[in-house]
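Undergrad: Chains as they are written, first to last, in numbering that gives the first Met the number 0: chain A, 0 to 286; chain B, 0 to 286; chain C, 0 to 286; chain D, 0 to 286.
No wet-lab data here; the hints were simulated from the structure. Every residue, glycine too, gets a C-beta built ideally from N, C-alpha and C. Do not rely on the hints blindly, as some may be mistaken.
Some chain C residues flagged as far from chain A (calculated, every beta-carbon gap over 12 Å) [what the hints assert, rightly or not]:
{"no.": "1", "residue": "34"}
{"no.": "2", "residue": "50"}
{"no.": "3", "residue": "71"}
{"no.": "4", "residue": "74"}
{"no.": "5", "residue": "111"}
{"no.": "6", "residue": "163"}
{"no.": "7", "residue": "226"}
{"no.": "8", "residue": "233"}
{"no.": "9", "residue": "254"}
The list that follows gives simulated cross-link-like pairs (lysine-lysine, DSS-like), each with its CA atoms no further than 30 Å apart [unchecked claim]:
{"no.": "10", "chain 1": "D", "residue 1": "202", "chain 2": "D", "residue 2": "150"}
{"no.": "11", "chain 1": "D", "residue 1": "202", "chain 2": "A", "residue 2": "202"}
{"no.": "12", "chain 1": "C", "residue 1": "150", "chain 2": "B", "residue 2": "202"}
Not the full set, but computed from the structure, chain B residues with beta-carbon under 10 Å of chain D [stated by the list, open to error]:
{"no.": "13", "residue": "99"}
{"no.": "14", "residue": "114"}
{"no.": "15", "residue": "131"}
{"no.": "16", "residue": "243"}
{"no.": "17", "residue": "250"}
{"no.": "18", "residue": "286"}
Number of protein chains: 4
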Amino acid sequence: MSHTSDFPTHWVLTLSCPDRPGIVHAVAGLLAEHGGNITESQQFGDPDSGLFFMRVQVTSTATRTDLVTAIEALAPRFDLRWHLDVAGRPVRTLVMVSTAAHCLNDLAFRQRSEGLPIDLVAAVSNHTVLEPMADFYGVPFHHVPVTKDTKAQAEARLLALVEELDVELVVLARYMQILSDDLCRRLEGKVINIHHSFLPSFKGARPYAQAHARGVKLIGATAHYVTGDLDEGPIIEQDVERVDHSRAVEDLVALGQDVERRALARAVRWHAEHRVLLDGRRTIVFR
Amino acid sequence: MSHTSDFPTHWVLTLSCPDRPGIVHAVAGLLAEHGGNITESQQFGDPDSGLFFMRVQVTSTATRTDLVTAIEALAPRFDLRWHLDVAGRPVRTLVMVSTAAHCLNDLAFRQRSEGLPIDLVAAVSNHTVLEPMADFYGVPFHHVPVTKDTKAQAEARLLALVEELDVELVVLARYMQILSDDLCRRLEGKVINIHHSFLPSFKGARPYAQAHARGVKLIGATAHYVTGDLDEGPIIEQDVERVDHSRAVEDLVALGQDVERRALARAVRWHAEHRVLLDGRRTIVFR
Amino acid sequence: MSHTSDFPTHWVLTLSCPDRPGIVHAVAGLLAEHGGNITESQQFGDPDSGLFFMRVQVTSTATRTDLVTAIEALAPRFDLRWHLDVAGRPVRTLVMVSTAAHCLNDLAFRQRSEGLPIDLVAAVSNHTVLEPMADFYGVPFHHVPVTKDTKAQAEARLLALVEELDVELVVLARYMQILSDDLCRRLEGKVINIHHSFLPSFKGARPYAQAHARGVKLIGATAHYVTGDLDEGPIIEQDVERVDHSRAVEDLVALGQDVERRALARAVRWHAEHRVLLDGRRTIVFR
Amino acid sequence: MSHTSDFPTHWVLTLSCPDRPGIVHAVAGLLAEHGGNITESQQFGDPDSGLFFMRVQVTSTATRTDLVTAIEALAPRFDLRWHLDVAGRPVRTLVMVSTAAHCLNDLAFRQRSEGLPIDLVAAVSNHTVLEPMADFYGVPFHHVPVTKDTKAQAEARLLALVEELDVELVVLARYMQILSDDLCRRLEGKVINIHHSFLPSFKGARPYAQAHARGVKLIGATAHYVTGDLDEGPIIEQDVERVDHSRAVEDLVALGQDVERRALARAVRWHAEHRVLLDGRRTIVFR
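With the rest of the complex left out, here is chain A (with noise of 0.2 Å):
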């Protein structure tokens, strides 16, 4: 018997799988037994991967478990990677900053003030300059600094941290310092990064000063999911600004601050509206 609450709930399923007929009427079917009413839905066949992906918002009375057991069941079927959440659920996120403010503060305003789904659970930093921040917005700081030879110490409190804290989310908000590829490895999926350059243009260190030196027209930044390939981690989400001659690389550096943070936000709100799904080297965003 089949247990529901007295109010609907709003749930976000997103699923990819082998592409094969059948899949939606399946997944429908499932949502239909269940009470559920469909709000928004998205689908896409990626002809390259052969996989298919799916993300529906569904209104239903069912409970968590009834939802859970049905979904498992129907799993194997269709080889189903799926994942199911209350829509709107804040995600429990972690952001990294050395000493740049900007992305720290575009993300903890937008978290108050702009209805981002994220509950900022830590602000973690190898430097103390940011801590006023954090506390003004009533994010707890921790500082951790990084030498050479503290690496691999600071980085176990990193995770400590994520454990402890169940983060669901960090995002390295101009960090500065690269992670190792075991952290990489064991938070994959799980790490968003701000580059700020218009990848695959200008890799590596000062892209504003390359950028600058090439006289490009417009610079860009880059949010992109963390693997243990530098800077060549699935992208989420790119914007760029027009610039011209007259800037100057320090110019190019403040301007550079107004499009990281506009594509940092982006990428992160959809990633936690479950919105991006990972297709190889590829994102899917449903947008």
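Please build the complex by placing chains B, C and D on the supplied structure of chain A, with the hints as guidance.
TA: Below, chains B, C and D alone, put in the same frame as chain A:
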């Protein structure tokens, strides 16, 4: 018994109906029963109008007759308004122009070189200056002069052409003549106009002169369905271009041509790909 | 005898006058006589208004007194309106807010981290919710409640603050109160407002609700000088953001915050860098 | 004695030289002595290269000879590199194409309808498919086949055409052939290429396939001067277009055509209006 062809067809089905549980399941079920494999699908429920919208692309070996029969059987249960077409089939299109060439040139060029799925069955103009361009692109040209006295006659000629040529879409590509209310009603949902302003700014005549006088920093264009209410039809697409103080009215006109043709081309493409659904005064665009 | 300092100062000189031959030569000559080296300069003659506009950045060891004396001697010949300032000097700015935090946060953050050349000497609000944010950024906060009966009194308080604090620029950062005609006139050319629509679309109240009802595909914001004629002051900057059918009014409000703060920040920067000159109802922006 | 015509000519003068005080004054003085009225002017000093750049539009009744004589007399004092032209004079342009029509169509259309100040004196192609389009626009078409063995011969033919036709600008409008180093050097500063990527991303072959594989969220195009160093010439203009996961490589190619022609048309316009000055590997664009 269901007849099928040996090779699957790529269908596109769009529908709208009052929002209610079970629609997606029912439609996905219908498609699954006909061996359909969904390649792309989007749904949206509008909380304001209470309507549900769906667009699905599906490959299936079922015949058109079988699909139509099945959809017709389903329609009353959900009060469906629906449309079934072969994906990518060129839509029979009549373009109305006056003397400005940029929109005609753009649509004809994109039809030929960028896979815009329209079939330009006629160009109708109250002038003859664009006849050589129509000839170059192989579009039959019809000169239908319009004066105050012959307006009714000219519209009758247009309607006759629409009927004779099985026209599915009429594009007002800077036609500069106002259609009668009666004609608008007869062709409702089948006529797309490009308005040379960012509506609802600068309705009426000489929008670029108005924009210049007001000192705006962006100029725009709006592609919309034509209704009896001038400049008030449902908007399909809008775009803008940055301008500055140094631009004279004639510069805005030239710059505006670019925005106009871009916005119009997108609107025509989305309409021809059955991505635009009407939701009262607004449009749903499943891009 | 001309006194000079040992180190050159970076000056910015702006001027406007009736257009006539010889202006640039005369100004450049004046600057050359004072050992000036022009680093950036722009001129524009408006054929409509018949006015000529010039902005020049110049390094010179001449004193302010010497430069002013020379410009004053030249001014009558060309009927010059002019302004001389040290380039990059922070402009003394008073921000008026109500309860929406995004514009205040953005301006204060950019002042601190992105070199926005303003000095936030006061935040004035008819509410107290933004007092902690003002405190965090070290901006003196003044609570000036406004009711129908106390409006005159509140405006007198504002004017007193403007005088006491040598305020050069007042920014209405989503202040939501209409200033009296008298106040507008007194502070003409010194007050920048951010309007939450792409003017002249959606003047008046609740522009996002109007935009939603009209089904526009881009929403915008407009930063403009305040004049007695509400929503009709000279436009400094506008920007837009793409939206689609799935966005509810509250989504437009949240998305709009981003456009609003971006357009406002640019307008404030250009004003503070003396890049904006008035040309009747329009602005010249020497970016 | 100075000869003047009865009607003033609108001149455009561009110059660059080592940065030093007095340049603007000297140039403005020279123009004033010839009755010049400056209508538009921009200056920029590049602190990196130490060069100063100026573009000035001026109306004057002085003859070309008189102006040239005066400029030649001034040039040694400041080590000027300069160019004087009649504003708006169409620049004699040769377009090289292969089989893709969009850039040729766009340039020819804008020349005819949007006041692009070029005179299309020849279209050169290694194929014949675009001959009818060249004919339609009245552009003399030259079929110059290129094979590995005939490349030197083909380039000689091109150079001969450039000479015979007094060609001032060569546009590689998706020509798809690499010019020899020698040719690049001979025509340095006179050849504009449109590259179908957002350089420096995706240099080399098949940039859209590379962009698709990398999963970028914006595709772009770059118009640049051609130098011996392939894809490394000074950038004049860049633009981008948003794409998403659902776009196949062929969609990117079609979408990219729009960005390519837009970026190329702007670069050609700015070059033809003498708004682009070379500053080492970078360009100054006085828009």
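Undergrad: Each hint needs a verdict: does it hold in this structure or not?
TA: Do the hints match the structure? See the list:
no.: 1; hint: 34; verdict: holds (23 Å)
no.: 2; hint: 50; verdict: holds (24 Å)
no.: 3; hint: 71; verdict: holds (30 Å)
no.: 4; hint: 74; verdict: holds (28 Å)
no.: 5; hint: 111; verdict: violated (8 Å)
no.: 6; hint: 163; verdict: holds (28 Å)
no.: 7; hint: 226; verdict: holds (29 Å)
no.: 8; hint: 233; verdict: holds (23 Å)
no.: 9; hint: 254; verdict: violated (9 Å)
no.: 10; hint: D:202 x D:150; verdict: holds (23 Å)
no.: 11; hint: D:202 x A:202; verdict: holds (14 Å)
no.: 12; hint: C:150 x B:202; verdict: violated (36 Å)
no.: 13; hint: 99; verdict: holds (8 Å)
no.: 14; hint: 114; verdict: holds (6 Å)
no.: 15; hint: 131; verdict: holds (8 Å)
no.: 16; hint: 243; verdict: holds (8 Å)
no.: 17; hint: 250; verdict: holds (9 Å)
no.: 18; hint: 286; verdict: holds (9 Å)
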